[in-house]
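4 protein chains.
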Amino acid sequence: MKKRVAVLGATGIVGQRFIELLADHPWFDLEFLMASERTAGKIYGESVTWILEKPIPRKAYEMELLPINIDLLVRGKVDIVFSALPSDVAKNIEPQLAERGIFVVSNASPMRLEPDIPLLNPEVNADHIEILEEQRRKRGWSGAVMKVPNCTTAIATLSLKPLVDEFGVGKIVIATMQALSGAGLTGVPSMFILDNIIPYIEGEEGKVESETLKILGEFKGNSIIPNSSIAVTSSCHRVMVLEGHMEAIFVELKSKASADEVVKVMEAFKGNKIKGMGLPTAPEKPIIVRREVNRPQPRLDRLEGRGMSVVVGRVREDRVLNGVKYVVLGHNTIRGAAGTGVLMAELLVKKGYV
Amino acid sequence: MKKRVAVLGATGIVGQRFIELLADHPWFDLEFLMASERTAGKIYGESVTWILEKPIPRKAYEMELLPINIDLLVRGKVDIVFSALPSDVAKNIEPQLAERGIFVVSNASPMRLEPDIPLLNPEVNADHIEILEEQRRKRGWSGAVMKVPNCTTAIATLSLKPLVDEFGVGKIVIATMQALSGAGLTGVPSMFILDNIIPYIEGEEGKVESETLKILGEFKGNSIIPNSSIAVTSSCHRVMVLEGHMEAIFVELKSKASADEVVKVMEAFKGNKIKGMGLPTAPEKPIIVRREVNRPQPRLDRLEGRGMSVVVGRVREDRVLNGVKYVVLGHNTIRGAAGTGVLMAELLVKKGYV
Amino acid sequence: MKKRVAVLGATGIVGQRFIELLADHPWFDLEFLMASERTAGKIYGESVTWILEKPIPRKAYEMELLPINIDLLVRGKVDIVFSALPSDVAKNIEPQLAERGIFVVSNASPMRLEPDIPLLNPEVNADHIEILEEQRRKRGWSGAVMKVPNCTTAIATLSLKPLVDEFGVGKIVIATMQALSGAGLTGVPSMFILDNIIPYIEGEEGKVESETLKILGEFKGNSIIPNSSIAVTSSCHRVMVLEGHMEAIFVELKSKASADEVVKVMEAFKGNKIKGMGLPTAPEKPIIVRREVNRPQPRLDRLEGRGMSVVVGRVREDRVLNGVKYVVLGHNTIRGAAGTGVLMAELLVKKGYV
Amino acid sequence: MKKRVAVLGATGIVGQRFIELLADHPWFDLEFLMASERTAGKIYGESVTWILEKPIPRKAYEMELLPINIDLLVRGKVDIVFSALPSDVAKNIEPQLAERGIFVVSNASPMRLEPDIPLLNPEVNADHIEILEEQRRKRGWSGAVMKVPNCTTAIATLSLKPLVDEFGVGKIVIATMQALSGAGLTGVPSMFILDNIIPYIEGEEGKVESETLKILGEFKGNSIIPNSSIAVTSSCHRVMVLEGHMEAIFVELKSKASADEVVKVMEAFKGNKIKGMGLPTAPEKPIIVRREVNRPQPRLDRLEGRGMSVVVGRVREDRVLNGVKYVVLGHNTIRGAAGTGVLMAELLVKKGYV
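Protein chains in written order, with the numbering used here: chain Z, 46 to 399; chain L, 46 to 399; chain U, 46 to 399; chain A, 46 to 399.
Bound-form chain Z, shown alone (with noise of 0.2 Å):
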């Protein structure tokens, strides 16, 4: 019995990605397409400004574009909500879906650092969907609220696991070259960015430095606690790429580890928190690893995985920091957003809360 699904914020970049996915997913069905009044209406085809590179879903093309609406939704049975709503929506739908009995997965930021909402980086702190008992007894919420991280964090955190793991991680530094589409269908007008970069996302050094902690935490009878051996610190900037954060990481490792024992420990994560629950989006190697001394790139590795999967390189050795310092590629709307967005959706039907 498949389950019945929905998204909202439906004509964005997130929320074409989340249809992409959930078009033809064999465990959900998707039921409903809701977007802003102003663009609702319409089936979707005609509504949206599509950009990814495969033509829409034929399904979603003759879908009709509603207005968001929590009777319909409640009424309409749906199982899980999908949410790239803007912060100022989700605020005040999410809640609401919660507590009418609607499991939300919410790429939105609001909630995200609230220590009874799980933050999922499925391959790295599945476990902590837990937390989700004391969130409804708490809240009351016959449904839950779970949230995917940042795009940026949940790219790192997915390299930065198994060192976690093996050696013990301490300070860590990121400095990011970050993509268009994280800004939105149009949040960075081409005269701003061609020739150029642009050293500043707004909001987004804090996110990296805070949702790191919490998602590399561990969770304790009933709360999160976050990883306080950790500290971060970041400086993100916007290039000129379409698809794909790339990150320069320098991290202080508290055992000692040469370069070809990191590369090591990174390819054989098999990410244990889902590995085996064949979750259909869960990709074969959370992280591929390169050795050649020019990837991973964008263009070429941003796909990796069906665009799930990390790509490390040049591991090397950092005496400064003492540990390691490397390159990690992610796709930041798929693993960093609706991709690991549907792949906590399926965690939550394969552990039979929904």
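Calculated directly from the structure, the hints in this document are not laboratory data. Don't take every hint at face value.
Copies of the same chain look alike in the list, so a pair counts if it fits in one copy or across any two.
Said to hold, decoys possible - List time: in silico DSS-like cross-link candidates among lysine-lysine, alpha-carbon distance up to 27 Å: (1) K136 <-> K320; (2) K104 <-> K309; (3) K104 <-> K122; (4) K330 <-> K99; (5) K299 <-> K309; (6) K47 <-> K395; (7) K301 <-> K330; (8) K299 <-> K122; (9) K183 <-> K318; (10) K318 <-> K299; (11) K104 <-> K330; (12) K99 <-> K309; (13) K183 <-> K122.
For chain Z, the structure is supplied; the task is to place chains L, U and A on it using the hints.
Here is chains L, U and A on its own, set in the frame of chain Z:
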């Protein structure tokens, strides 16, 4: 009396910048343009693929492009040669020129780390020029060799110098987003970089990590002592920008300083080492600090101070490294190459070497 | 005695170019900067997203950005208003200004084809200015309205004028590759144009096809008669270039001419209609012809004649249209907008209208 | 029984596309990969700078990259050689291969216009293949040589064919915006094309103007008669797009047709010459017509029909040429090169030549 100068490697990007800066220079007369046999023999304007934003200076257009000829330079009583030669050619030619009495200001990397070779970023370490006496004595040269630092390093050290002087600096982490021009006219094929990033620049990280220590070191007696309190780690990446290297820098400060104090110190920095000397190519402000959250940007800020200023932005405290982090932008073929070379030559003249 | 001028629509790209050209103009004093209510109220330098290659002129930076206010302009004794207003605002405001005694030099498209409105590309049809007498008489205006042509048309007609005069012209086919700046500061999102072409620019083809006939027409008695021997068809496309429209033009010539003869006639063209008037913004050579097979190129040639020259290349015979084909490049926001506007205003002054 | 095939010039872009299309082809077995001496000797995956969006097919990765060796191809019983050799090498090698009994499907330009060499765009002129009999007889070859048209021409002629058949065509004006991949892996340095257009592609216009007549000509008796009612003029330009040539085409029609009628005829076109043959690489719809005003766009539409369809848009009447104008987009290294080559080879097999 103007000094007689020549440019070797005149057709590449750095050669073009040298010519642009020298064509109407108040202290120098451009006498010879030389390049490899392959391109030589025609007039310069018809041999070069000129790519600068302003047209070729009329005078240079009509000059003959000659093959490299040491005898001719000596007979032609050339005082200073500006070398933009490839490393393998430079290694061989430059010492011969110095032996024959010519002062070589070189952008090529060989010899940069040799202890008797000044590696000058004039506002930072103009006093290192005094090692020339030792160099000439020891090597028996009637001329001399001086080196322009690696482009990324020149930009970084200019921004770091006031912090070193005022607060003391320990660990430094540098992640770069470097312009295409750094790879030369044809170095980066468009098919490799459009919608892409190349996370590797051959030899660059080693240069940044070692040259920084020498430039920020001290001239003592007859040797230059690298700064031993500093340790640099870097990750260097190529992005799709024509000119202007952007660097995200994280610095440990020995004495505590707020972001405001750091800004103040940077803005107060006047490049004491050459201040008041009246060198024509010296920028009024070596460091410009922008307050807007989204500056500096390569396209908008790279020509500040006619390309000789570096532009700093986003200065903020860094609790992980116990210091500050900021971004700095510099024009890689002016501040990071030809402009600094011309400034060094002006210093040579002012100090009476030629 | 300098004339008092104002810029309306001061924050857009064309507004920025007007300000750059007027800040130090020998004949004009920039008295007011006005824009929509939304942006007004602060000083200009803090309100505008300045994107030109040179910084904001110091004087303009400090000026107050006012909401549009006709009374203030009248009370302020403004002689000439430069309008870079959006069409819907311009349509309403510009006639009111003219009625109140102000001369309006407008870049907005409404009214361009009305028979008593001069549509000026000064080197081509400066004499059309004489229609102003009829315009003012008929409409009862103490001021007047003059229009800058569509950018693509301004560039094309400048290159076509000597061919019309010397050989006679029939059919014209124009295919364009237009710069991003033509769509305004935020008109083309980067996600839509990176690694892409948009083969459509709203309204552009109609403007090119109709305005060309008016500009190349004749002023007779009290009306401007469109050139009836010419017929234009066009296809307009947006490409990823910051500034500079490139046009491939195929022209039927009434009397046979070789490519060499066409080059000669273009190079001999001095813009007779304004020649010798000493207008400060007039380029020395309105048309520059390049002989290299691969020129003009936007990045290298768009600033020829301070952006006021057009650059022609690849002139070759065309046996299909019985004439010639060539490419022409012009700076779309200078030659195709603000620069031509300022040149028109200089003509107004020279002719004694203001 | 699969046919044995080889790719010559295997490391360039067209070579890469051939390999991508042939690695799992139902009718062909890829037996040899050959390239110049310089790159040969290692396994393919380690020799090539692979730049396609999908990874190297596993099988090809492990194949040895050999120097070009005619004897080996003969001894290896190769049926068909796909040649992506540079012109000067192709000119020499290809006739030798044909003499030794091999069928050569070549993307190189030499011999394209020779009267006994089929220049095939299969949906348009598959019947021209019958000239092979004459070619083999006259030249005494046991093999044969067939040519893939110039990329721009292949795309244009596919869109023009239904107009020629239905309305008759006279004058054609073509202005192109061509992708970087057309110049090969390293053909266009990024410093030359970023924020720029290069309005020249060596030899391209001549090819478009002459090859079009041959492709749209008729096979009669034992010669191919170029279409004498058509006359083509073109202007070719390089823009910053990775793949996909866009062409603005203006066509004189012999019998009057509305834009709607032209759209209808294009959509009805099924490529009769190969219809129903079951060739695996033939697209379902050779011509796709888009109704949106701003399509086709290279990034969004180039992979239609797995890169084998051309996408037409903006069909509108043209009163200047008495016909229509439209834009057409095709994938230059698939439809315009390797894909059409493989389709030709399938035709060879279907027709029983090999």
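For each hint, the structure was consulted:
no., hint, in the structure
1, K136 <-> K320, "neither (33 Å within a copy, 56 Å between copies)"
2, K104 <-> K309, "between (43 Å within a copy, 26 Å between copies)"
3, K104 <-> K122, "within (20 Å within a copy, 48 Å between copies)"
4, K330 <-> K99, "both (24 Å within a copy, 17 Å between copies)"
5, K299 <-> K309, "within (17 Å within a copy, 36 Å between copies)"
6, K47 <-> K395, "within (12 Å within a copy, 46 Å between copies)"
7, K301 <-> K330, "within (25 Å within a copy, 44 Å between copies)"
8, K299 <-> K122, "neither (50 Å within a copy, 61 Å between copies)"
9, K183 <-> K318, "within (26 Å within a copy, 66 Å between copies)"
10, K318 <-> K299, "within (23 Å within a copy, 42 Å between copies)"
11, K104 <-> K330, "between (30 Å within a copy, 21 Å between copies)"
12, K99 <-> K309, "between (35 Å within a copy, 26 Å between copies)"
13, K183 <-> K122, "within (24 Å within a copy, 70 Å between copies)"
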